[in-house]
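So the sequences go chain by chain: D and V. If you read the first sequence in my numbering, its first letter stands for residue 1, the second for the next number, and so on. If you read the second sequence in my numbering, its first letter stands for residue 1, the second for the next number, and so on.
Hints are supplied without guarantee of correctness; some may be wrong.
[Unchecked claim] Straight line, CA to CA, 25 Å or less: simulated BS3-like cross-link-like pairs of lysine-lysine:
1. V:K66 x V:K12
2. V:K66 x D:K184
3. D:K196 x D:K32
4. D:K185 x V:K59
5. D:K32 x D:K185
6. D:K184 x D:K32
7. D:K185 x V:K66
8. V:K9 x V:K66
9. V:K59 x D:K184
10. D:K32 x D:K189
11. V:K66 x V:K34
12. V:K59 x V:K34
[To be verified] Which bits of chain V does chain D cover? Going by a derived footprint, with three or more residues having C-beta under 8 Å, they are:
13. 131-137
14. 141-155
[Stated by the list, open to error] To give an idea of the interface, some chain V residues facing chain D are shown, with a C-beta separation under 7 Å as derived from the structure:
15. D88
16. Q91
17. A92
Read the hints as simulated data drawn from the structure, not as lab findings. Backbone N, C-alpha and C define an ideal beta-carbon position, used for all residues, glycine too.
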Amino acid sequence: MAERLKPAISTPNGAGYPARPGGRVVTITSGKGGVGKTTTTANIGIALARLGRRVVMIDTDIGLRNLDIVLGLESRIVYDIVDVVEGRCKLRQAMIKHKQFPELYLIPAAQTRDKTAVSPADMVQITDQLRPEFDFILVDSPAGIERGFRNALAPADEVLIVTNPEVSAVRDADRIIGLIEAEKKDPGKLILNRVKADMVRRGEMLSPTDVTDILGISIIGIVPEDENVVPSSNSGMPVALNESSRAGLAFRNIARRLCGENVPFMSLEPSGNILQRLSRLFAGGSNE
Amino acid sequence: MRDDRVGIKGIKDGLLITLNQDEEWRELTSELAKRIDGQSQFFSGARITVDLGARPVPKHDLGTLKALLERRGMTLTVVLSDSTTTIDAAQALDLRTSTAIPTPGRQPYETQDYSPEEEGITGVLLRRTLRSGRTVHSQGHVVVLGDVNPGAEIVASGDVIVWGKLRGNVHAGADGDESAMVCALDMTPNQLRIAGYISTSPPERRRKTRPEMALVRGGRIIVEAWG
Chain D
1 MAERLKPAIS
11 TPNGAGYPAR
21 PGGRVVTITS
31 GKGGVGKTTT
41 TANIGIALAR
51 LGRRVVMIDT
61 DIGLRNLDIV
71 LGLESRIVYD
81 IVDVVEGRCK
91 LRQAMIKHKQ
101 FPELYLIPAA
111 QTRDKTAVSP
121 ADMVQITDQL
131 RPEFDFILVD
141 SPAGIERGFR
151 NALAPADEVL
161 IVTNPEVSAV
171 RDADRIIGLI
181 EAEKKDPGKL
191 ILNRVKADMV
201 RRGEMLSPTD
211 VTDILGISII
221 GIVPEDENVV
231 PSSNSGMPVA
241 LNESSRAGLA
251 FRNIARRLCG
261 ENVPFMSLEP
271 SGNILQRLSR
281 LFAGGSNE
Chain V
1 MRDDRVGIKG
11 IKDGLLITLN
21 QDEEWRELTS
31 ELAKRIDGQS
41 QFFSGARITV
51 DLGARPVPKH
61 DLGTLKALLE
71 RRGMTLTVVL
81 SDSTTTIDAA
91 QALDLRTSTA
101 IPTPGRQPYE
111 TQDYSPEEEG
121 ITGVLLRRTL
131 RSGRTVHSQG
141 HVVVLGDVNP
151 GAEIVASGDV
161 IVWGKLRGNV
171 HAGADGDESA
181 MVCALDMTPN
191 QLRIAGYIST
201 SPPERRRKTR
211 PEMALVRGGR
221 IIVEAWG
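Chain D with its partners taken away, still in its complex shape (with noise of 0.2 Å):
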C-alpha cells in the first residue's frame, strides 16, 4: 500500500543499488513475448556504450536466439553461451564485440539446444566473472516463466520489466513481479513499450497510470509506438542510434535514467503544437 503513496512515475537516483564488486547485473524481462524485451535490450545496450559505459549482453533465449540479428553481429558468431558451459572455449571467446563501439560485447544463445543446457548457477557464475570488466551485464530473459526465466533472473541485481500497455501483457508483468518477489529480489522496474499517444488520449488504450496502478511499481521508461524501430531492428542497426527517433530518444533516456541521471519523462505527443512545444521550452525540461 506504501507504493501508493509515491507518485506513479518516479525517476531512479541511482541510490540504493546493492553494493557488489564491479558492474551491474540488469535483467529485462516481461513474462509474455512480443513486448519488446530484445529490442529493448539491444538499444540500451547501444545507449549505454554511447555514454561511454562497458557493457556486455547476454542472450539466453536459448533455441530462439534473436539479439544477435537485431545488433548486426549474426555473422560473427563462433562461439555461444552453451559452449562456454560446457567448456569448448573461453568465456572471452564467446564474447562478440560490436562494430561501432569497442566496449560493447554481445554473448549469443545457441539456436541448437534448449533451455535445460544452462542453468541459474551458471549464469550467475558467468556473470560474476564478467562483473569485474564492466559497467553493465545486460540479461536478455526469453519469454515464459520456466527454466529460461529461471537462468535470466537468478544472477540479476536489477530487473527492468518490458510491458505493452494492454491487458494481457499487463497480466503476465503482474505475474512476473510476484515471482522476482518471491526470489526475495527487488520487483524491479517497469518499461512500457510501444505507447501510442492518441489511443491512450481517445481512452482505447491503456495510460502509464492505468499500468502503474495495478503492477505498483515504479516506471524508468515510456517508449513510444515508432515505425523506425522495426527497419531498425531489421537491418542491425537498432534506432537508439538514430538521432530523429523518438523512440530511440526514449531508449537513450532510459539508458541514462540506469546510469543515475534525473532525465525527465518526454512529451508522449508526437510533436506537440506550438503551444505546447513553447511551453516545454519554457519549463527548461526539453530533452529532445
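Based on these hints, arrange chain V on the given structure of chain D.
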C-alpha cells in the same frame, strides 16, 4: 512415538502427510521415505497434500521433498503452512498453497460447523498485494491489506476482506456458508462467489470507487455500500 513425527492419512483428494514442525528436517524426510518404501503399492500414484505447520522450509528443502515423493510415483500438489517462507517456496515451485490452521489435531479439508462470530475461528492476514498467479486457500477468514490483482485467487471458508482493490477471483463461504461475505475498498472482481452463487462485475469503467460489501440475499449475490 513415531506417529508424532510423520503422519499419513487419506483425505478427500489423496493423502495428507503431516511433518512435525519441531523435529529435525532430514530425520523427518528419511523417516517419511522409509514409511513410504515399506508400503510402496499403497502410495504409488497418490496426490499428496503436505502439512508443514509453522516450520519455515526453504525452496531447496521443499524441492528435495517434492523430488523424494516424485521418485516414489507420488505428486506433491498442495502445501499447508503458516510460514511465509514456506508459502513463497511452494509458490516458486508452482505448488498450490493453503494456510495451515495452527491448532493441534486439526482436520484440514474437513468442514466444521461454526458461526463466523465464534471465538477461535482462524483468519489469515496478508500484508501484501496478491499478484496474478497467487492463490490463497483458507479454512477461516482472509484479510488482505493490499490489492488482489486480476489473475490472483482467494478461496476461504469464511469471509474475505480486502483493504484495497479487489480485481481477481474470490470465493467466500467455499464450504457452503451462504452467510459469508466479501468486502473491498474497490469491488471490481473478475468473478465473485459466495457459497454456490457466482457473479461477475459489470463492465462499466471509470466509476467512482467506494467501499462495498457483497452478500447473498434472496437467492443471489448483491453488492451494497460497506460502512
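Consistency of the hints with the structure:
1. V:K66 x V:K12: 20 Å, holds
2. V:K66 x D:K184: 21 Å, holds
3. D:K196 x D:K32: 19 Å, holds
4. D:K185 x V:K59: At roughly 15 Å apart (the allowed maximum being 25 Å), K59 (chain V) and K185 (chain D) satisfy the hint.
5. D:K32 x D:K185: Since the Cα atoms of K32 (chain D) and K185 (chain D) sit roughly 20 Å apart, the hinted pair holds (cutoff 25 Å).
6. D:K184 x D:K32: At roughly 22 Å apart (the allowed maximum being 25 Å), K32 (chain D) and K184 (chain D) satisfy the hint.
7. D:K185 x V:K66: It holds: about 24 Å lies between the C-alpha atoms, which stays within 25 Å.
8. V:K9 x V:K66: 18 Å, holds
9. V:K59 x D:K184: 12 Å, holds
10. D:K32 x D:K189: At roughly 16 Å apart (the allowed maximum being 25 Å), K189 (chain D) and K32 (chain D) satisfy the hint.
11. V:K66 x V:K34: 15 Å, holds
12. V:K59 x V:K34: Holds. K59 (chain V) to K34 (chain V) sits at ~23 Å (cutoff 25 Å).
13. 131-137: holds (count 4)
14. 141-155: Since 6 is at least three, the answer is holds.
15. D88: With a minimum Cβ separation of about 5 Å from chain D (threshold 7 Å), the hint on D88 (chain V) holds.
16. Q91: Interface hint status for Q91 (chain V): holds (5 Å vs cutoff 7 Å).
17. A92: It holds, given that the least Cβ distance between A92 (chain V) and chain D is near 5 Å, below 7 Å.
Checked against the numbered hints listed earlier, the structure breaks none of them; every hint is satisfied.
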